[in-house]
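Protein chains in written order, with my numbering: chain P, 211 to 500; chain V, 118 to 452; chain E, 7 to 254.
To be clear, the hints were calculated from the coordinates, so they are not data collected in a lab.
Note that beta-carbon positions come from the ideal geometry of N, C-alpha and C, so glycine has one too.
Warning: the hint list may mix true and false statements.
Part of the chain V face toward chain P, derived, beta carbon under 10 Å [said to hold, decoys possible]:
1. Pro136
2. Val356
3. Ile401
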Amino acid sequence: MYPISIVAEAMLNGLLTGAVYALIALGLTLVYGVLHIINFAHGAFLTVAMFAVWAAYVFLGLDPYLAIVPLTILFFAFGYVVQRFVIGPASHGDDGNILLVTLGLSIIIENVLLALFQSDTRSISTDVSFQVLEIGGLLISKARLYGFLGAVVVTALLWLLLVRTDTGKAIRAVAKEKLGAQLIGIDVKHVFAVTFGLGTATLAIAACLLMPTFYVNPRVGGAFVLVAFTIVVLGGMGSITGALAGGLVIGVVESLCSLYLGDSLGQIGIFIIFILVLLLRPTGLFGARA
Amino acid sequence: MTRGYLSIIVVLAILAALPFLVASNVVLNFVVFVLIITLTAQGWNLLGGVGGQNSFGHAAFFGTGAYVSAMLQVHYGVNAWVALAAAIAGGAVVGWIIGFLSFRAGLKGSYFALVTLAFAEVLRILANAMEFTGGAAGLLLKLDTGFWNLQFSSRAAFVWLALFFVALALFISQWIANSRFGAHLVAVRENEEAAKALGVDVLAVKLRAITISGAITATAGCLYLQYFLYIDANIAYGVWISIEALLAAMVGGRGLVLGPIIGAFSLHGLGEVTKLAAGRVPGIDLAVYGAVLILVVGFAPGGILGLINKLRFRGRPRPEPEKAATPAPKTEEAA
Amino acid sequence: MLEVETVTKRFGGLVAVDAASLEVRKGQIVGLIGPNGAGKTTLFAVIAGFLKPTSGRVVLEGEDITGEAPHIRARLGIARTFQIVQPFAGLNVRENIAVGAYLRHRSAADAHAKADAVAHRVGLGEDLAKPASSLTVAGRKRLELARALATEPKLLLLDEVLAGLNPSEVRDIVPVIQAIREDGVTILMIEHVMQAVMNLCEQVYVLSQGRMISEGAPEKVCTDPQVVEAYLGKGAAERLARMETGHA
Ligand SMILES: Nc1ncnc2c1ncn2[C@@H]1O[C@H](COP(=O)(O)OP(=O)(O)OP(=O)(O)O)[C@@H](O)[C@H]1O
Ligand SMILES: [Mg+2]
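Whole structure, please, built from the sequences with the hints as guidance.
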């Protein structure tokens with residue numbers, strides 16, 4: 211139907227978007243893998259991070275790529291505090307409650323942002339926003355390429371952190387055997403909060419990589435939340451590399467759906483994948499962490 | 118048992134009398150809207166509250182009710198009451214299908230919640246993209262008031278109409294609460310394995326619940342259409358209505374017959390007060406709802422009705438945990 | 007009434023039940039004993055339909071029910087209790103038992119009347135309005151028994167209903183079980199409390215590492231060297247025998 215070059219470009223674009231999706235899903239899957247909870251506010255946290263990038267650029271003149279360092283630290287602290295002092299105490303550790311509490315958080319965040327910024331869409335354009343590279347006859351946006359590379363690097367770093375460091379070992383110990391970890395003196399609440407903090411920190415990085423080519427409004431995170439869940443179930447709950455692979459797949463699927471079905475139906479492919487994965491492989495999903 | 122019906126009748130009588138006491142259109146508008154939310158939440162409450170299957174996607178039923186009725190009236194000139202009946206049936210069918218797919222796959226808890234959300238989103242995108250559903254422009258009902266068209270120029274009449282359906286749902290819920298089906302549904306919520314051992318067909322019970330739930334919520338969607346005479350995909354299938362349904366039931370008292378109506382009125386009452394206090398800041402009432410949800414989940418899992426019950430039992434010899442070894446010094450009241 | 011024919015159940019590499027067979031005749035109380043992890047609860051789960059056997063058949067009153075779902079088996083007259091008690095924690099005692107009673111009674115009034123009767127029978131008559139979550143261990147075991155009984159079963163599967171009870175509580179509940187049997191309910195019970203097994207059962211099966219290693223009258227089974235070894239380890243029977251002769 212379409213010439214191969216257009217399809218190839220759509221796929222390449224899909225891969226680039228998919229890498230950032232993967233980065234967003236990374237935090238979600240990490241939190242699921244350790245805490246065994248589904249953070250419904252993940253999308254709302256992303257919105258906050260994107261507004262933070264926007265504000266840092268507009269008010270402080272901070273380039274999004276430079277903002278990565280301070281925002282990652284800031285969002286780690288934010289996630290830590292939210293898990294330790296809001297989600298933990300209010301949910302009593304019950305899985306259904308956590309979903310409701312994080313839903314409550316996302317409603318609060320979205321609407322407070324709405325009160326502060328109205329529903330206007332904001333974007334920033336830095337030097338890199340409009341630069342393109344030509345590779346093999348295909349035009350690639352530089353900013354999106356950076357996004358792709360950044361996502362891959364962060365995935366690798368997170369993987370190293372989990373496998374190589376003491377913190378990572380504690381996190382994995384808690385993920386495997388909560389009670390046992392407690393018995394050998396690991397502060398489980400602290401590890402929970404650290405993991406949650408790491409999850410939100412990856413969102414800050416994702417926001418920094420997204421903003422040069424994307425926009426932000428109070429509802430933007432909502433568009434990402436089901437996408438991120440889809441990636442997580444597709445890649446396997448709690449799997450870091452699975453999130454990367456799932457993200458790339460979903461990016462391409464979305465891009466091709468938009469190409470063939472039009473923009474208004476573009477996301478439907480994602481939801482259908484989500485439903486199908488849940489319906490057809492539920493044992494696989496629960497089996498991963500039963 | 119009769120106490121249940123009595124409190125229902127008291128609540129209904131108060132609301133039915135309201136149009137005689139208040140003439141303000143603003144107030145009656147508020148009441149109609151909240152009654153529609155109540156009805157939506159009553160559907161949610163049967164599945165999520167009584168049955169423990171938290172849905173994040175009741176918009177799927179609300180939207181189906183609204184769209185089935187709108188399409189029949191707009192495209193085929195079907196009578197509004199007939200369209201209402203079809204809308205209710207449509208909600209039941211969509212409920213059954215979603216239930217059949219998800220419950221047979223064994224989805225529970227958060228997974229069930231997310232999959233219902235995804236189903237609702239698929240329907241929203243479809244309704245937004247297809248010509249038959251009016252696309253992004255939505256569907257407009259012709260203004261033509263009259264009983265047979267299910268349109269009323271008087272707000273009071275619409276209050277009574279909505280109240281009629283809310284009352285119907287209340288009686289159905291109360292009846293279920295006292296029935297074998299209700300006992301089975303609660304058993305499934307509390308412990309599926311134990312329920313199975315006692316001969317409960319868990320899948321059939323859940324399917325029945327989601328079917329009735331879908332039908333009730335679809336009725337609300339249809340009423341919304343008849344009142345506002347306009348729907349589009351983001352209204353009818355939007356996440357907002359799924360959240361409203363869940364919130365009202367949770368805040369009022371999940372699983373309790375009067376939970377949704379108490380919750381919807383309290384929550385929206387609070388929302389109005391907030392708006393008055395904060396001025397016209399967009400979204401401020403919703404932010405308060407989010408906070409209320411967290412507070413309810415964390416500190417008042419029984420909702421408002423649960424809190425009231427607790428207060429009522431204060432000081433009375435409550436059913437205490439039996440601890441034969443340590444006879445707790447109970448302060449008996451001589452009242 | 008119940009025949010279990012060479013049932014095997016594997017969990018991945020682990021063979022929890024290994025070609026085990028047993029038979030329970032109408033009106034009997036049959037015991038199923040064996041060391042921890044022998045596969046007793048797993049075998050119960052297979053009989054009640056909660057687990058599909060890897061191979062073998064379950065036959066109830068001459069009919070093969072191996073493929074039936076648990077709720078169908080409950081309708082056919084099999085009721086089970088859970089070793090790890092599974093109360094409906096949010097409900098009170100009456101409501102808990104009524105769920106079982108609804109199996110044979112459609113109306114709420116009948117089901118509640120049945121529930122009350124059963125509760126009195128097992129000694130929960132005073133606790134009808136209490137939340138199930140407030141019951142003691144003994145109370146919860148009674149509740150398990152009451153719920154199962156409320157389904158008016160032909161065959162009652164009791165999984166360690168006496169475990170965790172103190173001797174006086176055991177003394178209270180043994181006659182209850184006896185009375186149930188006298189009403190014509192056939193009983194198959196897993197039990198570690200040997201005193202109770204001796205008192206109640208006329209026939210005992212012994213499961214060890216998934217295999218049925220012995221069966222017969224309780225006195226006979228208890229002196230079976232294979233059984234002693236299963237419980238106390240290899241060579242134990244011999245040592246015991248030597249000790250006995252030494253004392254004599
Ligand atoms: N769902 C399961 N998945 C994997 N292994 C299981 C499962 N259920 C039981 N097992 C294993 O099967 C074996 C038999 O367990 P089972 O509970 O049937 O023993 P039991 O005889 O009832 O022991 P006890 O006297 O301690 O109750 C054990 O090794 C147990 O770990
Ligand atoms: Mg056992």
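**OP:** Double-check proline 136 of chain V for me: the hint is only fine if its C-beta lies closer than 10 Å to a C-beta in chain P.
**Re:** 32 Å, violated
Original post:
Would the hint on valine 356 of chain V stand, with a C-beta cut-off of 10 Å toward chain P?
Top reply: Holds, about 7 Å.
Original post:
Going by Cβ atoms only, is isoleucine 401 of chain V closer than 10 Å to chain P?
Top reply: 5 Å, holds
In summary, the one numbered hint that this structure violates is 1.
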